[in-house]
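Work the whole structure out from these sequences, hints included.
2 protein chains.
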Amino acid sequence: MTSLASKTGLAYQIVDAIRSVVGRKYAGLHEPCFNGNELTYIKECIDTTYVSSVGKFVDRFESDIADYTDAKYAVAVMNGTAALHIALKLAGIESGDEVLVPALTFVATANSVSYCGAIPHFVDSNESTLGVCPHALHSYLKKISKIRQQQCINTNTGRVIRAVVPMHTFGHPVDIEGLLDVAKEFHLIVVEDAAESLGSTVNGRHTGTFGLMGVLSFNGNKTITTGGGGAIITNDKVIAKMAKHLTTTAKVPHRWEFIHDEIGYNYRLPNINAALGCAQLEQLTGFLDKKRNLFKRYQIEFKKIPQVKIFSEPNDCHSNYWLQTLMLHDSVADQRDSILAVTNDAELMTRPVWTLMHHLAPYQDCPKMDLSMVESLEKRLINLPSSTYSS
Amino acid sequence: MTSLASKTGLAYQIVDAIRSVVGRKYAGLHEPCFNGNELTYIKECIDTTYVSSVGKFVDRFESDIADYTDAKYAVAVMNGTAALHIALKLAGIESGDEVLVPALTFVATANSVSYCGAIPHFVDSNESTLGVCPHALHSYLKKISKIRQQQCINTNTGRVIRAVVPMHTFGHPVDIEGLLDVAKEFHLIVVEDAAESLGSTVNGRHTGTFGLMGVLSFNGNKTITTGGGGAIITNDKVIAKMAKHLTTTAKVPHRWEFIHDEIGYNYRLPNINAALGCAQLEQLTGFLDKKRNLFKRYQIEFKKIPQVKIFSEPNDCHSNYWLQTLMLHDSVADQRDSILAVTNDAELMTRPVWTLMHHLAPYQDCPKMDLSMVESLEKRLINLPSSTYSS
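Chains as they are written, first to last, in numbering that gives the first Met the number 0: chain A, 0 to 390; chain B, 0 to 390.
FYI, nobody ran anything at the bench for these hints, they're computed from the structure. All C-beta atoms in this analysis are idealised placements derived from N, C-alpha and C, irrespective of residue type, glycine included. One thing to keep in mind: the hints can contain errors.
[What the hints assert, rightly or not] Derived pair list, reagent style EDC-like, types lysine to aspartate or glutamate, alpha-carbon separation capped at 20 Å: (1) Lys378/A to Glu256/B; (2) Lys243/B to Asp63/B; (3) Lys42/B to Glu30/A; (4) Lys24/B to Glu261/A; (5) Lys42/B to Glu43/A; (6) Lys367/B to Glu261/A; (7) Lys24/A to Asp46/B; (8) Lys367/A to Glu261/B; (9) Lys42/A to Glu377/B; (10) Lys55/A to Glu30/B; (11) Lys250/A to Glu377/B; (12) Lys55/B to Glu30/A; (13) Lys42/A to Glu261/B; (14) Lys42/B to Glu281/A; (15) Lys378/B to Glu261/A; (16) Lys42/A to Glu30/B.
[As the list claims (entries may be wrong)] Covered stretches of chain B, as calculated for chain A (at least 3 residues, CB under 8 Å): (17) 48-55; (18) 348-360; (19) 364-373.
What follows is the structure, encoded as structure tokens:
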């Protein structure tokens, strides 16, 4: 490995920079850290036999998540995808609707729209947030839509554009306040995909609490993990109640009868996974400090390489720095794949941003705006080793 | 409680009979038992940080399930509902198809058909298996369908009847061989809902391995549990591969790229839940012995009460006796609710069978055959405390 790093060229400079931050050993992209009450709480589940979807850790995890995010309600589910699916159903997304979704996102954002029988409509990002650009979206909607009976109609397709699902990319908050203005003008429901942004705030307010609902993920690669897990957060009491009902097979509570009053889902988070989540949440503040520290150390190192910069939180935002992100200058964008190869060969796990949604086979025929910014970003973004233990 | 049990009347006789088997303390319907390597394996997940959907316990659990059931392949997923959904998708169920489903089942069987955009078509049960009656189904299909281009067409609705999903009720095998004959004659794909029947066999062959696919559940109330979990079992290599792909967001394996070649699902079982499953599976033989012993003890007690009988495994079958089941004689069917009330008041958890599917609001307009037997069974079935610790 030494021979690789001692070579010259941008990729090898980047290997050196990463190593000077995370050390010379293997560095994963984002590995969880279990230094708290994880085993104690799980042992309690085993000892009491409450391992499934009813149990005190599920209730506590929901309450802890609501407290932490300052949302009135949290409903814990099996993963972020399930949370998005139910949030969109509760937002009233129906078959044949269009939903505005960033082209630069993980595929779950688009898939959850498809699960509702609706069509994702892809929108461009802003370079300073990596998320949906309110200004570009506003101009685009002005051009392609009209408002009829308080609904936004896509004049090209004739379909209703019902909602927008901004995503807080790598934990960096989107310009949510700008988007709320656009959404209001065009009668769009806002569901925030905050899967990556637990701990990220905008002017002190937690991401996911600006829209009608927000969605969190606790997958194994996230800032805190429940193995697999997610949550819907909302300030709307009725929606919270419906979310719990719909994710619990729509079973009407009864001493023994099985009445299901609609087509529900088996999406609740098991108690054993919630136990892990409760223990992880106790450590979140420490994790966030470490992730911010890691960012600062990367920032110092990458200032020495003029063709790249480490992505920093947008103005007025406090980011969780979930995945540390390197942005290549246009002039070296063609070196992305060689940088990925050299860093991964050096056992420093890096990855590009997701393939853009409109480039994926199932979504290539969906409606989309001009996507120049995300096309450019796709060529220039590289995620770096981001585990808390690295700092 | 003594005063209740000393009263006369059928309900109180039943309380006495249950108590003489399970003792005088609270008895749950089906509580899991963790006396093996559960914590050891979970600790290994925590120590290695592999808690999410990639990990050695997921691989081992799949291999162990395949070995145990003698299926060639097993794909572990989040729960039985997810397994059914994917199995039906892989069976080629499409929007507008009809799928034959028992009216007497847990709602997940019907819901998974709905998730595919298809229509459940409800069929009657056999009193000796509680599952779909092949003879009644054969007569019914003769009457309402015709075969056109190797497809079974419902002549009333004009829709294709694509598949049948027999369910092994409370672990008692359906007449699967009879059903395979009917399915062959009418060109129906068979997906077995074996969610309740891990450990149940027909002529020595495990339930779930007769159809194109079978589906298992490891929910908290099942014979073994992973918290929440399920599996698809199949002897078809291509289907097994597709099941894993479709439940892993349809991501095409690549060193770093995110290519998803179809609309996939986030349904994989987390490693931490699989760890629990591996430990539980090691104890399955012991659990099954205890459940059979419990059945025998109930059988002795309930022989003393002529108006009821304890349900026993069908001919040529070996049942797991997941939920012990009391069958009331017609003459006392009107006492079902009072028996449920008195037993539950006595802290002996009993429950009726599920509300029949065609009585549920979302399914009341679905096609159905004459359902006299399940209508009768619904009034006469009561599940008894069935935990392994009771024996």
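How the hints compare with the structure:
The straight-line distance between the Cα atoms of Lys378/A and Glu256/B is roughly 12 Å, inside the 20 Å bound, and the hint therefore holds. Taking the CA atoms of Lys243/B and Asp63/B, the gap is about 16 Å. The hint holds against a cut of 20 Å. For the suggested pair Lys42/B and Glu30/A, the alpha carbons sit about 16 Å apart, so the restraint of at most 20 Å is met. Proposed proximity of Lys24/B and Glu261/A is contradicted: the alpha carbons are some 37 Å apart, above 20 Å.
A hinted pair counts as satisfied when its Cα atoms are at most 20 Å apart, and Lys42/B with Glu43/A qualifies at roughly 13 Å. Straight-line distance between C-alpha atoms of Lys367/B and Glu261/A comes to about 19 Å, which keeps the hinted pair within the 20 Å bound. Restraint check for Lys24/A and Asp46/B: satisfied, since their Cα atoms lie roughly 18 Å apart, inside the 20 Å limit. For the given pair, Lys367/A sits about 19 Å from Glu261/B by alpha-carbon distance, which is consistent with the 20 Å threshold.
For the hint pairing Lys42/A with Glu377/B, the CA-to-CA distance comes to about 39 Å; that exceeds 20 Å, so the pair is violated. With a C-alpha separation of about 16 Å, the suggested pairing of Lys55/A with Glu30/B holds against the 20 Å cut-off. For the proposed pair Lys250/A and Glu377/B, the alpha carbon gap of about 18 Å is at most 20 Å, so the pair holds. For the proposed pair Lys55/B and Glu30/A, the alpha carbon gap of about 16 Å is at most 20 Å, so the pair holds.
Note on Lys42/A and Glu261/B: the hinted pairing is violated, with a Cα-Cα distance of about 39 Å set against a maximum of 20 Å. Restraint check for Lys42/B and Glu281/A: the C-alpha separation of about 19 Å stays at or below 20 Å, so the hint holds. Between Lys378/B and Glu261/A the alpha-carbon distance is near 23 Å, which puts this suggested pair outside the 20 Å criterion. Only pairs whose Cα atoms come within 20 Å are accepted, and Lys42/A paired with Glu30/B is accepted, the gap being roughly 16 Å.
For a cut-off of 8 Å, the count of residues in the segment 48-55 of chain B with a CB near a CB of chain A stands at 6, and the three-residue condition holds. Coverage of the segment 348-360 of chain B by chain A holds. Counting CB-CB distances below 8 Å, 7 residues qualify, and the rule asks for three or more. Requiring three or more residues with a Cβ within less than 8 Å of a Cβ of chain A, the coverage given for the segment 364-373 of chain B is violated, as only 0 such residues are present.
Hint check: violations occur at hints 4, 9, 13, 15 and 19; the rest are consistent with the structure.
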